[in-house]
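Spelled out from the first residue to the last, the chains are:
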Amino acid sequence: MIQEESLSTQSVATRIEERLKPSAVPWSRLSVLPVVIALLVSLALPWVADLLPFGKFILHLLILFFLWGIVVQGWNLIMGVSGIFSFAQVALFAVGAWTSGVITQQLGWSPFVAMWFGPVAATVVAVILGLPTLRLRGAYVVLLTLGFQELFRNFTTQGPNFVAGGGYGLRYVPKFPFEEWVGGDKAQFLYYYLALVFFVIATFAIWRIFYSPIGMAFRALRDAEVYAISRGVSPFRYKLFLFGFVAFFTGWAGAFYVHWYGAISPAIMLFGTTINLLAMIVLGGWGSFWGPIAGCAVLTVLPEIMRAVEQYRILLLGIVLALVAIFAPEGLFPLLLRWVRRLLGRQTR
Amino acid sequence: MEKLMQAIYGGIVYGSIFGMMALGLTLIWGALRMLNLAHGSLYLVGTYIAFTLVNILKVPMVPALLIAALGTAVVGFGIQTLLLNRILGKPGWDVGSLIVGVGVGMAIDQSILLIYGPRVKQMPPLIPGIFKIGRVVINYNYLVVVAVAVISLVLLSVFLSKSRHGLAIQAVSQQPDAAQLMGIPTRTVFLIVMCISAALAGLAGALLSTVYQVQRESGANAMVMALVVTIFGGLGSVKGTIWAAYIVGLLQSFLMVYLGAGTALPGVFLFMMLMLVIRPSGLFGLGEAQRL
Amino acid sequence: MSVIFECERVTKAYGGLLAVKDLSFSVEEGEVYAIAGPNGAGKTTLFDTISGVSPVTNGTIRFYGQEIQRRRADDICRLGIARTFQTTVSFDTQTVLTNVLVGAAMGRPGTGKITLEFDQEAIQTALDVLEFCGLLDKQDWPASSLSVSERKKLMLATALATKPKLLLLDEPVGGLNRQERSDMVEFVRKVNQLGITVLMIEHIMKAVQALANRMLVLHHGEKIAEGVPSDVLRDERVIEVYLGGKHREKLSDNGGR
Ligand SMILES: Nc1ncnc2c1ncn2[C@@H]1O[C@H](COP(=O)(O)OP(=O)(O)O)[C@@H](O)[C@H]1O
Ligand SMILES: [Mg+2]
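Chains A, L and S, in that order, are what the protein sequence lines are. Going by the numbering used here, 86 is the number at position 86 of the first sequence; the sequence numbering is gapless. For any residue, its number in the numbering used here is found by taking its place in the second sequence, counting from 1, and adding 1000. For any residue, its number in the numbering used here is found by taking its place in the third sequence, counting from 1, and adding 2000.
No wet-lab data here; the hints were simulated from the structure. Predicted model only: the values in this text are computed from it and were never measured. Heads up, a few of these hints could be off.
Unchecked claim - Listed next, the in silico DSSO-like pairs over lysine-lysine satisfying Cα-Cα at most 27 Å (straight line): (1) K1090/L to K2138/S; (2) K1121/L to K1058/L; (3) K2223/S to K21/A; (4) K2113/S to K2190/S.
Using the sequences and the accompanying hints, generate a full structural model.
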């Protein structure tokens, strides 16, 4: 029509690339080299760690990092990127764990089969939980989701015995049969590689969403919801997709967890776990892609090496959290990156 | 019949307690639009101030209660002036204030653990002794708790609806921009609200230390119930919150008496979630307009 | 000329308050139609119902003959109705280009599916619109760092990126200084010349007179006058009932500041 012609006749010849500034676009390209290097290093890590005195312990930490990394990235997508204050992520993790655990215990299925039901259950729960949150604003979402987490914790504490285990949760859950395959010592390697695969797949999927029109829609809804809807963003479609998508990976991590530890306690759903994950996001960088991963790495390692001064660590973490929220609301990781860049910039000049 | 009496009695006790906790939370939400997740920790501050005064310094109970309320208000004053005021009115307030609350709460809880250790402690009751109506056991201490709670709720309601400062608080809660334009010093109002809210939490903490044991978890538990109540009442609505406190209190008490103690918490939570689904802004909620 | 858009007996109630009362009017393809009225008359509320932000209480709204009053806001956008807001909004944390891309990728007719790729047409549209609005140079600025008039322009740009047939403008020159106002008037004219029908809320009469073919005046949710601006503004009822005696000079001054 007229509009189409006149809008485009002015610029038909002008190509997209000539006008587009790379710094303006909401998408991103992965640089192949760093990714390949990172992957190779991750593949080699267990063998290197094996040579170190605390090799087993390091592997253990890395697996924890992979699992919480998945949960934290998903939560960041919901909270940091989309601005929805869901506080039920640990509950979804637990839904995944319990579903898969109970299936292996009660039906005797292999963990490799059962572990797919965890994420599916988490997704279903998240979508059901997500429907009412579509109508709620900020603080009410916090309360609804916290309420769900309390309920589920209660269920796993006081529910039927095959769920609650008399208050201890699930115990003696069949583990992945890695020990039978390769023997005790190297089994840890296989756990590590499986967790790595989970982590890489989840991270890549979240990365794709983050820099896609979907991520753009999330951010638009976060910045100005009514405005975004009036520009064609369907809150219903995008938010339900968001809840389901994130819950799948969160539940996946939960399922892995239960077949790795061989047990899970309702205590995991106490507020402390949630706060720890929140701290990873806040310190790392709310709404950024790499920040929460970095935050997760630091806050997974820190508690383990600060075991002796645990009490002071929590005190310090609380103080740092409040101070970061006030003085560095974008998080420490982006701040650090900028300092490093500035430093490097000065040196090259 | 006795069961019914027992349930109603319990409901009134719980309702009064919940009301004190929830009112502080709802006031802060109304004025500052902040979900104060440090509220449970302020409760703990009150508890441990009272514990220190009564059990260690041997101060009588009544001044101890007052000092606990005042001391907690001072902590609230500090949180507001040192931290919150720096991000007040800036973009990202909702996220920032939530996280400040979490961080401060962690720091307070942990400091208390470091100072007092993990052991559960006991406080003497305000007035010992019991009497019976039929087979329902009535505890003098509970009656005092209810009386103090009701008196403070009534005083606060009168303050809010009659006094100049109270009216300013209401004005700021309902239309912050207009209130500021009309020359109401919003920052001062926020500070007053924070102090009142903290004082209430502290008083509740001190009072209830005579009913429950003195332990760290009680702060979180009290806050969880306060959150539930504020949802029922609708965040920011004073009248709604007081109603909701007694409704939730009765609900919890009935569940305990008729279905067993284990059903109370999940029952209340389930009810809350249903409530949120049916009436997204609570029983008496202000209903946040979605508009630009 | 054919009717592109009509409201028939539209009513919107907020509790007991009737913000829009039994309002009927129609807009013809290609024209600029203005809605005036004092604060609280119900103008923005009318836009909210048309754009699907809040549902009508009663009445029908037709766009190209099709009833749209029950559709969701994002759907209505893709049908070809885009609106701006009285308060200047933008996706503050995003770049100017991304702001416009939201409209281009989500709001054009035929878009709206969840996809992982930005299609070339959306990017092309976004760039064209930015060029048309004179914002191409600032495409990588965060939206929050623009001036008020630029942000207003950007809000309009995101609307244009959805390729609307009907553009709803809520007080497009409000909050602008004299120079910016005449720029904005020129700009709206330029947009109209692209063939986009404009329905505009404005109570600065100079802008209305410069742009509108027809206008209506709303008072307490009701239509009190409709017609060619020069006639409407001479209407005794409009002057007396709506503007009141003391505003008379404002009319003759054409609302200039
Ligand atoms: N979400 C809402 N809830 C209740 N009343 C509202 C709402 N939005 C607008 N109103 C009322 O509707 C009337 C019309 O408002 P509005 O459409 O903004 O007027 P205008 O844009 O003409 O200045 C006003 O009295 C206003 O208070
Ligand atoms: Mg208006």
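Each hint tested on the structure:
1. K1090/L to K2138/S: holds, 25 Å
2. K1121/L to K1058/L: This hinted pair holds, its Cα atoms lying about 15 Å apart.
3. K2223/S to K21/A: At roughly 48 Å apart (the allowed maximum being 27 Å), K21/A and K2223/S break the hint.
4. K2113/S to K2190/S: violated, 31 Å
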